[in-house]
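Chains A and V, in that order, are what the protein sequence lines are.
Quick note: the first sequence uses this note's numbering, first residue 53, plus one each step.
Quick note: the second sequence uses this note's numbering, first residue 53, plus one each step.
These aren't lab readings, by the way, just hints derived from the structure by calculation.
Among these hints, one or two may not hold up.
Copies of one chain are not kept apart here, so a pair can be met inside one copy or by any two copies together.
Subject to a maximum C-alpha distance of 20 Å in a straight line, what follows is the list of computed EDC-like cross-link-like pairs (lysine to aspartate or glutamate) [as the list claims (entries may be wrong)]:
| # | residue 1 | residue 2 |
| --- | --- | --- |
| 1 | 103 | 222 |
| 2 | 103 | 294 |
| 3 | 162 | 222 |
| 4 | 173 | 204 |
| 5 | 99 | 169 |
| 6 | 282 | 187 |
| 7 | 103 | 301 |
| 8 | 98 | 317 |
| 9 | 284 | 213 |
| 10 | 99 | 294 |
| 11 | 99 | 227 |
| 12 | 106 | 317 |
| 13 | 106 | 229 |
| 14 | 162 | 310 |
| 15 | 173 | 229 |
| 16 | 103 | 317 |
| 17 | 264 | 169 |
| 18 | 173 | 317 |
| 19 | 103 | 169 |
| 20 | 273 | 222 |
| 21 | 254 | 137 |
| 22 | 273 | 310 |
| 23 | 99 | 317 |
| 24 | 162 | 209 |
| 25 | 282 | 315 |
Protein chains: 2
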Amino acid sequence: MNAPIGVFDSGVGGLTVAKEIMRQLPNESLVYFGDTARVPYGSKSKKTVCKYSKQIVNFLMTQNVKAIVIACNTASALAREELEELVDIPVIDVVQPGAKMAADSTKNNKIGVLGTESTVKSGIYEEYLHKINPEITVVSKACPLFVPLVEEGLIEDRITEDIVGRYLHDMKEYEIDALVLGCTHYPLLRGVIGREMGEAVKLVNPAYETAKSLKEMLREKNLLAPASSKAKYHYYVSDGVDKFISFADSVLPCHVDETTVIDIEAY
Amino acid sequence: MNAPIGVFDSGVGGLTVAKEIMRQLPNESLVYFGDTARVPYGSKSKKTVCKYSKQIVNFLMTQNVKAIVIACNTASALAREELEELVDIPVIDVVQPGAKMAADSTKNNKIGVLGTESTVKSGIYEEYLHKINPEITVVSKACPLFVPLVEEGLIEDRITEDIVGRYLHDMKEYEIDALVLGCTHYPLLRGVIGREMGEAVKLVNPAYETAKSLKEMLREKNLLAPASSKAKYHYYVSDGVDKFISFADSVLPCHVDETTVIDIEAY
């Protein structure tokens with residue numbers, strides 16, 4: 053099926069998920085929406101995140117998408133059920149594939165989850181992990197400074213090492229052996245996080261797992277684009293095209309030459 | 053005149069301005085609006101900040117306010133003119149009073165300005181300072197990590213000292229002798245900033261200067277509440293009452309017992 057896949061995020065972070073989809077599904081066209089006017093979602097209430105996510109999905113439906121990928125951990129945690137009720141096409145989130153991979157990876161049944169305040173408060177990773185295996189112990193930690201650090205470009209920096217050390221202190225005490233990087237920006241800090249946790253801890257990047265799940269789902273439902281189709285990518289934001297394009301160019305393998313601003317509150 | 057004053061901010065930071073107004077104008081009633089659903093404004097475009105600010109002012113007008121205080125440096129920098137065109141009551145911003153105080157304080161005509169990305173990019177402090185005195189040299193610096201640090205409670209902390217040191221490096225090179233804390237959260241870091249800059253540098257808190265300007269303006273226009281009136285405070289937000297109340301209680305001298313969530317997009 054030649055229709056595009058709708059991918060959305062609170063801002064630019066979801067481009068890391070879009071990138072994995074482009075890599076694993078090179079024939080699929082994408083319509084990406086980043087809610088750059090109302091970013092971040094990680095400190096907002098369920099009610100507000102649901103409202104914003106529904107507006108975005110209403111917009112994506114006007115683009116005739118065949119499936120929706122919630123490329124934002126917070127929206128996945130807070131709005132997935134509401135979005136599934138809203139539309140009759142498949143909805144994939146980033147939390148379930150990440151949780152499944154973490155459960156498959158752990159040997160001592162001790163898993164860490166890093167995320168935004170709202171994701172951690174929602175308890176969604178615990179819920180999925182305990183559905184898979186009730187024996188798993190989950191240690192989760194909100195890391196509100198990670199996104200601003202990445203956006204300041206402090207990826208490999210003494211300040212970032214200090215902050216990572218502070219946030220991961222408890223994780224180390226609990227001797228977890230798998231750690232979910234449960235916010236789209238966090239995999240960009242995987243170097244520092246990996247050194248802090250040590251090689252014995254498997255870092256789980258939900259973006260990679262999500263693209264894998266999406267591929268399986270499209271195949272099962274017979275929705276894959278034909279191998280002959282050439283992928284087209286369209287980008288929409290609610291604010292600030294220049295900043296979006298500069299971040300996109302640093303993340304994506306292909307240059308973003310056009311991005312359209314839309315009035316998302318109208319959807 | 054007994055009508056309330058409307059005070060708004062992108063979130064909770066403007067409460068530091070509300071606090072100064074309560075202190076300097078104890079008879080005045082206030083209606084405070086914090087746009088907690090769409091916070092922060094500091095990384096957003098002029099168009100979006102204007103749109104959001106207009107919606108808020110439309111809401112405040114339904115509360116029959118006699119004057120508006122833009123208690124947010126970014127909204128002051130980007131939306132003041134548009135808001136003045138929108139309403140026929142006085143509009144006070146936080147930038148002009150802060151700039152005036154800095155110009156009054158400097159002896160060597162070298163002034164530093166710290167603010168959000170959008171405030172610094174707008175060049176608004178330079179504009180006002182050069183109107184007062186074209187001889188003044190202005191060094192400005194966006195400090196995007198300050199707000200998340202304050203919201204993480206890292207007020208007096210080694211990490212905060214490191215980050216402050218990094219951001220203020222240029223300011224020290226230029227030997228400024230007055231420094232505007234040009235974002236409502238920044239005065240909460242005044243201890244660390246003051247130690248870093250040294251005693252010779254005067255730190256300017258626009259909140260204090262804004263309340264003083266407001267008082268003068270109300271007196272001139274004969275809009276002051278009578279000395280017999282008892283101030284009433286009403287709080288409105290666009291999201292997350294609990295977080296708002298907990299921050300308000302840490303900033304304001306009086307407990308906030310009621311806060312109402314409104315759908316700001318409808319205004």
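Evaluated hints:
1. 103 / 222: neither (34 Å within a copy, 43 Å between copies)
2. 103 / 294: Between. Shortest inter-copy distance 19 Å satisfies the 20 Å Cα cut-off; intra-copy 26 Å does not.
3. 162 / 222: within (12 Å within a copy, 46 Å between copies)
4. 173 / 204: between (26 Å within a copy, 16 Å between copies)
5. 99 / 169: Result: close within a single copy only, 15 Å intra versus 29 Å inter.
6. 282 / 187: Classified as neither: same-chain Cα gap 45 Å, cross-chain 59 Å, threshold 20 Å.
7. 103 / 301: For residue 103 and residue 301, the Cα distance exceeds 20 Å both inside one copy (29 Å) and across copies (28 Å).
8. 98 / 317: Cα proximity of residue 98 and residue 317: in one copy and across copies (17 Å, 17 Å).
9. 284 / 213: neither (39 Å within a copy, 47 Å between copies)
10. 99 / 294: Classified as between; 14 Å across copies, 30 Å inside a copy.
11. 99 / 227: neither (35 Å within a copy, 48 Å between copies)
12. 106 / 317: both (10 Å within a copy, 15 Å between copies)
13. 106 / 229: neither (36 Å within a copy, 50 Å between copies)
14. 162 / 310: neither (44 Å within a copy, 42 Å between copies)
15. 173 / 229: neither (22 Å within a copy, 44 Å between copies)
16. 103 / 317: both (10 Å within a copy, 11 Å between copies)
17. 264 / 169: Neither: 27 Å inside a copy, 37 Å across copies.
18. 173 / 317: neither (26 Å within a copy, 26 Å between copies)
19. 103 / 169: Classified as within: same-chain Cα gap 18 Å, cross-chain 28 Å, threshold 20 Å.
20. 273 / 222: Classified as neither: same-chain Cα gap 42 Å, cross-chain 58 Å, threshold 20 Å.
21. 254 / 137: So residue 254 and residue 137 fail the 20 Å test inside a copy (35 Å) and across (57 Å) alike.
22. 273 / 310: neither (31 Å within a copy, 51 Å between copies)
23. 99 / 317: For residue 99 and residue 317, both the intra-copy (15 Å) and inter-copy (14 Å) Cα distances are at most 20 Å.
24. 162 / 209: Neither: 29 Å inside a copy, 31 Å across copies.
25. 282 / 315: neither (29 Å within a copy, 43 Å between copies)
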